[in-house]
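Protein chains in written order, with UniProt numbering: chain S, 1 to 292; chain F, 1 to 266.
Derived by calculation from the structure, the hints in this document are not laboratory data.
There's no promise every hint is true.
[Said to hold, decoys possible] The list that follows gives simulated cross-link-like pairs (lysine-lysine, DSSO-like), each with its CA atoms no further than 27 Å apart:
1. S:Lys92 - S:Lys27
2. F:Lys261 - S:Lys69
3. S:Lys194 - S:Lys206
4. F:Lys155 - S:Lys106
5. F:Lys259 - S:Lys126
[To be verified] If you only want the chain S side, here are some residues facing chain F, beta carbon under 7 Å, derived:
6. Leu50
7. Leu52
8. Thr56
9. Gly58
10. Phe70
11. Pro82
12. Lys106
13. Ser131
14. Phe267
15. Trp276
16. Tyr289
Ideal Cβ positions, reconstructed from N, Cα and C, are used throughout, including at glycine.
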Amino acid sequence: MNVIEIDRLTKQYGKARGITDVSFSVKEGEIFGFIGPNGAGKSTTIRTLLSLIYPTSGNAKIFGKDCVKFAPEIKKEIGYLPSEVFYYDNMKVGELLAYSASFYRKDCTRRIKELAEMLDLDLGRKVGDLSLGNKKKVGIVQGMLHEPKLLILDEPTSGLDPLMQQTFFELLREENKKGVTILFSSHILTEVQKLCGRVAIIKEGKIVTVESISTLQENNYKKFRVETSSLPDIAAFQISGIKDLEVNGRNVRFLFKGDLNKIINIFSGLDIVNLWVEEPDLEEIFLHYYEK
Amino acid sequence: MNIYRHELKAYRKSTIIWTFSLIGLTALFLSMFPSISKDAEQFGKLLEGYPEAVRKAIGLELDTFFSFLGFYSYTFLYITLAGAIQAMNLGLSVFSKEMREKTADFLLTKPVTREKVFLSKLLAALTSLLVTNVAFFAASFLISSRITTEDYSGKAFLLISLTLLFIQLIFLALGLFISVFARQLKNITAVSFGTVFGFFLLGMLSSTSGSDGAMRLLSPFKYFDTAYIIRHGEYEWRYILAASIIVLVSAAMGLIIFKKKDIHSV
Chain S
1 MNVIEIDRLT KQYGKARGIT DVSFSVKEGE IFGFIGPNGA GKSTTIRTLL
51 SLIYPTSGNA KIFGKDCVKF APEIKKEIGY LPSEVFYYDN MKVGELLAYS
101 ASFYRKDCTR RIKELAEMLD LDLGRKVGDL SLGNKKKVGI VQGMLHEPKL
151 LILDEPTSGL DPLMQQTFFE LLREENKKGV TILFSSHILT EVQKLCGRVA
201 IIKEGKIVTV ESISTLQENN YKKFRVETSS LPDIAAFQIS GIKDLEVNGR
251 NVRFLFKGDL NKIINIFSGL DIVNLWVEEP DLEEIFLHYY EK
Chain F
1 MNIYRHELKA YRKSTIIWTF SLIGLTALFL SMFPSISKDA EQFGKLLEGY
51 PEAVRKAIGL ELDTFFSFLG FYSYTFLYIT LAGAIQAMNL GLSVFSKEMR
101 EKTADFLLTK PVTREKVFLS KLLAALTSLL VTNVAFFAAS FLISSRITTE
151 DYSGKAFLLI SLTLLFIQLI FLALGLFISV FARQLKNITA VSFGTVFGFF
201 LLGMLSSTSG SDGAMRLLSP FKYFDTAYII RHGEYEWRYI LAASIIVLVS
251 AAMGLIIFKK KDIHSV
């Protein structure tokens, strides 16, 4: 079952920004990454899902219901963490969370306590006095206190220190095990790689690809680096599939996509001192999509 | 109800401050009445020296100035001026506050309809104004009973005092409308002072021209002619109607725009 279904969603404002024909679906129980550089349209898409802004054309469904028409109803089961958190500065953290909880018809006190403890958040402090990281924590608790079925996280890790990021990721994995679906937007690829099963890559308001992380890596180039005992014959490397060939004395680097036996054939004619074969990380794949 | 309660709490401080300022202002004005009425003749001569246009502009009516109600309604003009600023500030901040402090994301991703958000906020603002008016009326009634032995019409006193609420409602609705319409209001006080004083000046101009037509309709401050109220013991219904239309139309337009509005991030 699809928790989120986005169908040719378009939002135009002004001339510059916006999204065009964005379509993808997020299945129940998956952690779905949504990546793209700043200004690519991640937040626009997310804000449309939450009906903070309304689409120019196309539509999106959450839990099978139109996200504009049934907005209040579906929001009962959504937890949202905005990329930049701002709350009523005059309130204490505890008061703010209680206010947030008052919108859901359930008792959230226990969950608030639990989460605050896990994230090491002081409920007695004023929101206005908190550091960015602590505000972010308030945001996390605020988004999760009503135990939603869908978490929408817009660049959630900014401002969190690495340790807290780890705690947060653990928390997300735990929730995910309970069946919670997560839409995780980010421009930091390593965290998406760590957490997500599938990703949608967005560029200049358009979806470039939707792929599972493992396929993305498989279908891609492998990185080779080889060191030979004598100067290698460069001509041997001139076969199709090899890219970005770089020869530096006895060191050869290149990217390869295709039948690996061809490479082994080339190598068999060389006297190899050292050899590295690496999977490209997501960053390189990502850049590859962006270069087009 | 939770939004209503939260909003009410947010306005608590400013409501208290405004209420006490209005009471203080009227206490100051009214405390001058005993001495002014004692030397009415001399004061009368002095004021007669002002050109008629000036007297009209500042709402000074020599025939009634030295009666308690006449004096009260003269000073009341300034109370309504202050009250209008209070209401306009409130109306403007109701929505612009969420945008400026960027808390709209928080509120509008909760499972509530935008209508409910709008109406709760409106209701909280109305409550705040109502509290101000009740406290103000009680206080000015109390002060009046202390400073004058004159027999005046209680009904007219009430009718005059109630115009504060009406004028506040008009400016609240206007403020609300502007705050929904504008993408981001950086300086509420400037907008509110500008608008209120603008209308106030228009009112002065319309008094000097002495017309009863379009000019008067343009200034809410002139909708409630205190001299008329004292004489007839009722309002001019035409202007009550005009006030109601302004309030209802601005509030309804505000709601419609708020429902359709895109809430942009930072």
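Here is how each hint holds up against the structure:
1. Between the alpha carbons of lysine 92 of chain S and lysine 27 of chain S the distance comes to roughly 37 Å, so the proposed pair goes past 27 Å and is violated.
2. Between lysine 261 of chain F and lysine 69 of chain S the alpha-carbon distance is near 15 Å, which keeps this suggested pair within the 27 Å criterion.
3. With a C-alpha separation of about 24 Å, the suggested pairing of lysine 194 of chain S with lysine 206 of chain S holds against the 27 Å cut-off.
4. Taking the CA atoms of lysine 155 of chain F and lysine 106 of chain S, the gap is near 51 Å; set against the 27 Å cutoff, the hint is violated.
5. At roughly 31 Å between alpha-carbon atoms, lysine 259 of chain F and lysine 126 of chain S are farther apart than 27 Å, so this suggested pair is violated.
6. Taking 7 Å as the C-beta contact cut-off toward chain F, the hint placing leucine 50 of chain S at the interface holds, the least distance being around 5 Å.
7. Satisfaction of the interface hint for leucine 52 of chain S is found here, the shortest Cβ-Cβ separation to chain F being roughly 4 Å, below the 7 Å cut-off.
8. With a cut of 7 Å, the hint placing threonine 56 of chain S at the interface with chain F is violated, because the nearest CB-to-CB distance is about 10 Å.
9. Interface restraint check: glycine 58 of chain S against chain F, minimum CB-CB distance 16 Å, threshold 7 Å, status violated.
10. Evaluation of the phenylalanine 70 of chain S hint against chain F yields a violated restraint, the C-beta minimum of about 10 Å exceeding 7 Å.
11. Interface restraint check: proline 82 of chain S against chain F, minimum CB-CB distance 5 Å, threshold 7 Å, status holds.
12. Among the interface hints, the one on lysine 106 of chain S is violated; its C-beta lies about 12 Å from the nearest C-beta in chain F, farther than the 7 Å criterion.
13. Interface hint at serine 131 of chain S: violated, since its Cβ lies 17 Å from the closest Cβ of chain F, which is beyond the 7 Å cut-off.
14. A distance limit of 7 Å between C-beta atoms decides the matter here; for phenylalanine 267 of chain S the minimum to chain F is near 52 Å, and the interface restraint is violated.
15. The beta carbon of tryptophan 276 of chain S is not positioned within 7 Å of any beta carbon in chain F (closest approach about 43 Å), and the interface hint is therefore violated.
16. The closest approach between the C-beta of tyrosine 289 of chain S and any C-beta of chain F is roughly 25 Å, which is over the 7 Å cut-off, so the hint fails.
Of the numbered hints stated above, those contradicted by the structure are hints 1, 4, 5, 8, 9, 10, 12, 13, 14, 15, 16, listed in ascending order.
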